[in-house]
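Produce the complete structure using the sequences and hints provided.
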Amino acid sequence: MRIENINFLKKQYINEYKKIEKINPSNIDDIDYFNAKNGEMTASANINEKKFSLASEYDPSFESEIILNQYDDVDDYEYVLFYGTGLGHHINVFLKKYPDKKVFIYEPDPVMFALYVETHDLPFRNTVNILVGSDPSARNKFISDTLKKIQQKILLIELPVHKKVHAKLYSEFREAFNRIIVSKKVYTEVNYAYQKRWILNGMENFATTVQTQNILLNDKYNFKGKTAILVAAGPSLDDEIENLRYIKENGLAYIFSAGWSIATLLKNEIYPHAFTSYDPTPQNTKVFKFIDDESVKFPLVYGSTIGHETLELFKGPKLHMITSQDTTSPYYLKSKDKAKMEYVMDAPNIATITIQLLAKLGFKRIILVGQNFAFTNDKLISSGYEGTVAARKSETVKDVYGGYVKTEDKFNKMRFSMETFIKKSKDVEYINTTRGGAHIEGTVFKHLDEVMKDELIESFANDKWYELNSINYDIDYMESQFKKMHADFEEVEVELKKIKDIVKKIKTLARDGNYKQVEKMYGKLSVLFNDLKKNVYYNRYIMPMNRVYYDLFLLDVEENKNEKNQIKKAENIINILGKFLFECEKDIKKIQPTYKKIQEQVSNYISRNRS
Amino acid sequence: MDTYINGKLDNGVQLEKKEYIEYITHLLANNFDAIERIEITLDDMRLRYFEDLKGFDVLLEEIIVKVEKSYVRFYQNNTVEVWDDFMILIESVGALHEKYNSISAQVPKGRQVEWASVGNKFSNVNRVLMQMQEAVELKDEIKMADAIKWEFIPLVVDLRNIIIDILNEVQ
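Chains as they are written, first to last, in this note's numbering: chain A, 1 to 611; chain B, 1 to 171.
Please keep in mind that the hints were generated in silico from the structure rather than gathered at the bench.
Worth double-checking, as some hints may not be accurate.
[What the hints assert, rightly or not] With the Cβ distance kept under 8 Å, some of the chain B side facing chain A (calculated, not the full set): (1) V72; (2) Q76; (3) N77; (4) L138; (5) D140; (6) K143; (7) W150.
[Unchecked claim] In the PhoX-like style, the derived pairs of lysine-lysine whose C-alpha atoms are separated by at most 25 Å in a straight line are: (8) B:K139 to A:K163; (9) B:K121 to A:K37; (10) B:K139 to A:K37; (11) A:K97 to B:K69; (12) A:K102 to A:K18.
Here the structure is a predicted model, which means the values were calculated and not measured.
Backbone N, C-alpha and C fix where the C-beta goes; we use that ideal spot for every residue, glycine too.
Below, the structure is given as structure tokens:
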């Protein structure tokens with residue numbers, strides 16, 4: 001192995017070095033490496049006593065140029081992920097042409113990476129991260145970390161021969177990459193859009209949340225081992241109206257209506273056993289307008305970060321489920337009988353939230369109705385929906401019959417998310433009855449008529465299942481948390497001011513060229529920032545409201561550590577921190593009235609329940 | 001003067017010497033009274049050779065254009081189309097063989113030596129085909145791309161250069 005490569009790997013990627021240190025490519029029977037006709041190193045694998053080329057035997061660099069010619073938008077990217085190194089010719093050719101690009105390298109086959117290290121210099125200056133080996137969890141972490149680190153799009157360059165020689169590894173990688181890209185994109189987009197509303201809704205809804213039943217904290221509903229129907233608003237819902245009416249009238253399953261499907265059900269005078277909703281935006285009020293006082297014959301199960309405007313509109317009984325985006329309820333609430341607090345993870349659609357809920361409630365069979373995740377007869381939504389759905393760019397996916405159906409990116413993201421949760425609940429049987437829908441991994445497709453004939457034969461569903469009237473939160477705990485929060489509320493602005501003062505000092509010292517003192521200030525800044533992170537008011541409300549800025553802030557700080565130019569380094573710190581502190585101060589002012597309202601409500605609630 | 005007799009009927013069917021003489025004899029015997037004038041044109045074998053070489057050159061040029069794109073796809077491992085390209089290549093080589101054999105059968109006297117230089121080069125086509133055959137068996141796209149880019153295309157280009165030289169001389 002080349003000595004510079006060994007030093008580089010030992011210093012920066014010791015774990016990857018350990019994976020290849022004992023591999024000597026010359027001693028591997030199935031690999032030959034030799035000089036190509038142009039003098040460069042090349043290699044072949046011995047397959048059934050015949051040589052299979054791993055790179056051109058004539059001119060590997062020319063071959064690399066041809067491979068790279070496929071990528072005509074390289075200028076649009078700052079970062080590149082090389083999947084498969086081969087002997088590294090294409091990486092070298094690429095970096096000769098684009099010397100400033102930053103690269104991530106993933107090589108699932110350690111032998112191949114050893115060949116690369118043996119024959120070419122690694123890109124010392126350009127490398128951001130390297131992973132060697134095919135362990136799925138390490139691979140997924142590498143992809144996630146890569147995307148998290150760069151916070152922008154990345155160009156994926158795949159070595160064609162690698163895709164062929166390690167076809168299975170490649171398809172596993174590609175699937176993981178696509179899924180992570182999608183969820184990351186959703187995460188960033190959703191976080192950016194909702195970061196402030198989640199927190200505000202959690203705070204605004206708290207007065208209702210504390211006075212309603214936590215559906216996941218009560219095991220007396222008698223759902224264990226039963227069958228639930230999850231009704232979604234896909235166009236195929238229209239086909240199953242009469243079946244659902246029959247099931248409801250005869251109590252053959254619990255019917256949970258998710259989101260917009262309630263409009264279709266109510267239009268057909270079918271009243272589900274529960275209606276679930278979680279959308280944090282004010283647009284969610286549209287669906288609630290379908291539910292007049294007459295039709296409230298069922299409870300609303302709401303996610304605790306639901307748009308506060310909508311919660312006020314629903315006049316029927318309410319139960320809540322705490323969502324992973326809520327920072328208020330998990331802080332103040334603890335079960336009276338020390339039972340574990342369960343949450344639902346945030347997801348791109350209400351059906352996926354409801355799937356989690358039903359699995360956590362102990363249902364043994366979950367039947368999906370109207371869950372198309374696709375265009376069916378050119379429709380995206382069932383007949384109750386009164387908004388408009390613009391025609392969007394479509395793609396093709398596997399359908400429930402084994403053929404193909406058109407869908408779009410947004411539905412794929414939702415489906416991936418639902419499949420992830422289905423995979424986690426192994427004890428639940430999932431039946432998808434959606435005619436003409438996209439195939440959902442982890443479900444079995446069966447028409448609803450057949451399911452009714454084979455499975456739904458016993459009457460058990462109770463329309464009044466929710467009438468238990470037991471609130472089960474610990475008042476003492478709430479009180480002590482409340483005191484702690486209030487003390488930190490009083491303190492947060494003082495702590496922010498201390499940080500601002502240090503930033504001002506850095507500005508003055510840098511202007512005077514006193515970099516020794518500037519360095520000292522960095523240390524103080526770090527201490528003060530750690531203190532701020534311990535402040536509950538900051539870490540429960542202010543930081544989560546700015547989570548996207550905060551992620552970017554951390555990345556900028558990390559990157560700035562390597563800045564050698566002291567003036568630039570100080571300027572960067574001032575800018576980075578200045579922007580973040582400004583956003584924090586804005587939000588402190590913004591949420592103060594809401595916080596004071598909670599303070600009053602919690603106080604009243606505590607005294608009411610004590611007496 | 002080298003002469004040859006063959007002919008084409010109105011419907012495009014090509015006849016060999018013996019068949020053509022029989023056809024003419026029959027035509028004359030049955031239409032003798034109606035014939036006012038008979039013109040006989042003797043085709044120069046060199047002219048015919050020249051035309052064949054031009055056809056050969058056009059074929060070689062077409063092959064180069066076709067395979068230029070195909071080695072790119074093999075290197076890029078564009079699996080959907082790439083093995084279809086190989087079929088196009090095989091058809092092209094088949095057409096090349098046919099043309100080569102047809103010209104070889106009718107090389108005019110005095111031109112055999114220059115044609116032998118084409119033959120020498122042409123004998124390499126089979127060697128390259130063997131190399132491609134091996135790539136097909138292994139489904140080795142890189143080997144196939146190498147064979148096309150670094151063996152087959154240079155061979156066809158060399159052949160074409162020889163043909164162009166001969167054409168210049170014959171002209």
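Evaluated hints:
1. A cut of 8 Å between beta carbons decides the hint on B:V72: the least distance to chain A is about 5 Å, and the hint holds.
2. At about 6 Å, the closest approach between the beta carbon of B:Q76 and any beta carbon in chain A falls short of 8 Å, and the interface hint on this residue holds.
3. Annotation: B:N77 was flagged as interfacial toward chain A, and the flag holds, the nearest CB pair being 3 Å apart, inside 8 Å.
4. Restraint check, B:L138 versus chain A: the minimum CB separation of about 6 Å is within 8 Å; hint holds.
5. Nearest Cβ of chain A to the Cβ of B:D140: about 5 Å, under the 8 Å cut. The hint holds.
6. Interface restraint check: B:K143 against chain A, minimum CB-CB distance 5 Å, threshold 8 Å, status holds.
7. The interface hint given for B:W150 holds, since its Cβ lies 4 Å from the closest Cβ of chain A, which is under the 8 Å cut-off.
8. Of the pairs offered as hints, the one joining B:K139 and A:K163 holds, with about 13 Å between alpha carbons and a cut-off of 25 Å not exceeded.
9. Using a Cα cut-off of 25 Å, the hinted pair B:K121 and A:K37 holds, with the two alpha carbons roughly 21 Å apart.
10. For the suggested pair B:K139 and A:K37, the alpha carbons sit about 22 Å apart, so the restraint of at most 25 Å is met.
11. With a C-alpha separation of about 23 Å, the suggested pair A:K97 and B:K69 falls inside the 25 Å cut-off, and the hint holds.
12. With a C-alpha separation of about 24 Å, the suggested pair A:K102 and A:K18 falls inside the 25 Å cut-off, and the hint holds.
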